[in-house]
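Protein chains: 2
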Amino acid sequence: MAVIDIVEWIDRWAGPGQVWYVKRLSHNDTQKTRGHQAGPYIPKELLFRLFPNLNQPTQKNPRIEFSLYIDSHADHRRVQAIWYNNKLNTSGGTRNETRLTGFGGSESAFLDPDSAGSIAVFVFCLGSSQTETHCHAWICRHGIEEDIVEDYVGVLLPKRAIVWPSHHPSMSGVLPQPTTLAQRCYLGPEEMPPSWLKHYPSTREVVGKTVELTSVISGLPPDNRILRRVECEFELFRSVEEFHELPVIVGGFQNLESFLDRAKSVTQRRRVRAGLSLELHAREIFLEEGLVEGRDFEYQAYSEGRKRPDFLFPSGTAYANDAYPQQSLAMLAVKRTTKDRWRQILNEADRVTRKHLFTIQDTISETQIREMINANVGLVVPRSMIDAYPPSFRDGLLTLEDFISHVRVLQGPK
Amino acid sequence: MAVIDIVEWIDRWAGPGQVWYVKRLSHNDTQKTRGHQAGPYIPKELLFRLFPNLNQPTQKNPRIEFSLYIDSHADHRRVQAIWYNNKLNTSGGTRNETRLTGFGGSESAFLDPDSAGSIAVFVFCLGSSQTETHCHAWICRHGIEEDIVEDYVGVLLPKRAIVWPSHHPSMSGVLPQPTTLAQRCYLGPEEMPPSWLKHYPSTREVVGKTVELTSVISGLPPDNRILRRVECEFELFRSVEEFHELPVIVGGFQNLESFLDRAKSVTQRRRVRAGLSLELHAREIFLEEGLVEGRDFEYQAYSEGRKRPDFLFPSGTAYANDAYPQQSLAMLAVKRTTKDRWRQILNEADRVTRKHLFTIQDTISETQIREMINANVGLVVPRSMIDAYPPSFRDGLLTLEDFISHVRVLQGPK
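Protein chains in written order, with my numbering: chain X, 84 to 497; chain F, 84 to 497.
None of these hints come from the bench; they were simulated from the model. Hints may contain errors.
Identical copies go unnamed one by one, so any copy, or any two together, can satisfy a pair.
Derived lysine-lysine pairs resembling BS3-like cross-links, with alpha carbons at most 30 Å apart [stated by the list, open to error]:
(1) 390 with 170
(2) 127 with 390
(3) 170 with 127
(4) 143 with 390
(5) 390 with 281
(6) 242 with 170
(7) 281 with 242
(8) 170 with 281
(9) 170 with 347
(10) 242 with 347
(11) 242 with 390
(12) 143 with 347
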């Protein structure tokens, strides 16, 4: 059987004795940099557990060779897990990180610049005394593949990675803990609004509470604020979810279908929340920055027919008014991740020729950015992420703060 | 937000107060027949519960209009649920069935012959005293969409439909029960082999047991036998699954991740089994029909490199022997469903120019059959399904029995 799609692939490689590492590939992971063949970064803590012999601090740049199958691209090669450790044993050395390397060049999907921004899944099949540890990998090519992976392992926050199974005993502590601020957002039942104890709060309520819980950072620029809040909200939602789900799942189920339906509803609620909350965070930021809802922007107003872009500037009424100057209208779509789905926004508001798209996806490939530019889409990303983009594109990117200034200017003095 | 993919769509339409009806569209559903605009068949038992006013036995062909959104194809129209009931109140009348109708013509995806063979999902949003019952529908365009639907509602057996949630109180009894033979395949623990009580049996063991449990039909032709066994195996597996899973899920879970992982493993095991078991059923049939494994056929032998077609005839050794005449080689791929994935088989055995494909998918569109013919693929389907195919293609189809004769002839007298 030829393996060609990710559903079949997951069926084959999700099993006991396997460890998944899931990340979004960065430009650094995929591009040739500093004159040597780079490859994806994987944290030491994980690689040392997968390949204990790699942990040779007194040896310069120790490496271990193993087989890696890139099943999404029907490719196989021997690659190396390498520990660049000259910081430890060379005077003036600066590196102390582990990567996979030896992919051969840009004909490998892992070194293809178009793979930047894609979710990559590494399934390490742990060896025994007889067999070698090896790895099967998949680089997602479509948004729907990324959904399937995130349904499987959980939502991938910006600049984070996921190890799965998360409760694999040997893997605890491999990934960084949430920030102190985010940890404080995990609430006990006594800290939750009473109505939340009766039923799940709406995403809007969760976002509102997030703002309250992060008041300590209310002085940060909008771009930092929104990222910190996304992290906070993730923990806050996790606490609400556990409050509601744990009693049910601890109590058990009477039949298989109610068990499976409950699991589906959890997975689905996570996905819906992840998709919806970013828009609501953006709305909070607009309000905090002094934009007035209904006067300066409108959330989910109709443009044409049944189409409702996330934000219209200044309002749906102005948009519907043919006398309102077209060049003073703006539209912002908000998407946690972009992949192929960014094209959805192109027909969301016919009168706005230049559409803006805000995303917190930490990396987008050069090719995709170029496609967006050609489609007259203005990309808005958090300031801290701009450095991750290729220098030639940085000038074309707006921060959230830039975008807010942009709509203020469009609409002129009040 | 424009809805363009099925994951987003399911998130939006899977909720309380909604009833799903999932079927594979037949040629009858999609094609203009008998001079009037047809539309998908939906059983009376379901439509009468969704639209109680449709149940007017004394009125001729009663109908109820409602809104149907075909979200996969960005289409909306007012359609009718109609009860063709002339059998009840017209002398000589022969019809007594309910359908949806009023789609307007073949520009609707529901009347497009290319939709035949696709899984269609109808989500009925139940009305109240103030609101009308309406429907959102999705016609799957790719195999991966069908996987996502089947993960959600369960595996769709040939010529069956699924109502979900299956335990929706008002929906019990809407769909036909399994046959008596299949019901006997649901085993109690005392009827299972002792080793099955310790751990899940392999798919091969389940198929072997299925053969034993269906000995009463061992005299049926191969084509009927395999379909009856697929139904039996479904019930048999369900009994094994409940034996293993119920104690765990009744007992409950300590944390969310172990709960979700368990649910994933159930869904995944179902999918793997559904994909694998048909090959093993075919193997049993070959053996019963007197083909000898290793002499007449080989299961999962290597062709080239890592490629392993489901069946090579007469054997992998003959295939690897350049002196063995190419025209005496054959290959059979086995797939429960075909959709876009049938093309996988085209490069599974280079020396076999005409590939055969056995499927129990009950309907395949004319376009897809034509594509298969052009790719020199011989389609093998159970005899009872041949009538469902367009007359112009029936001559080109082989039954399983035909195919067995074909390979006997290829290989000449023993």
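Hint numbers not upheld by this structure, sorted from lowest to highest: 1, 2, 4, 5, 7, 8, 9, 11 and 12
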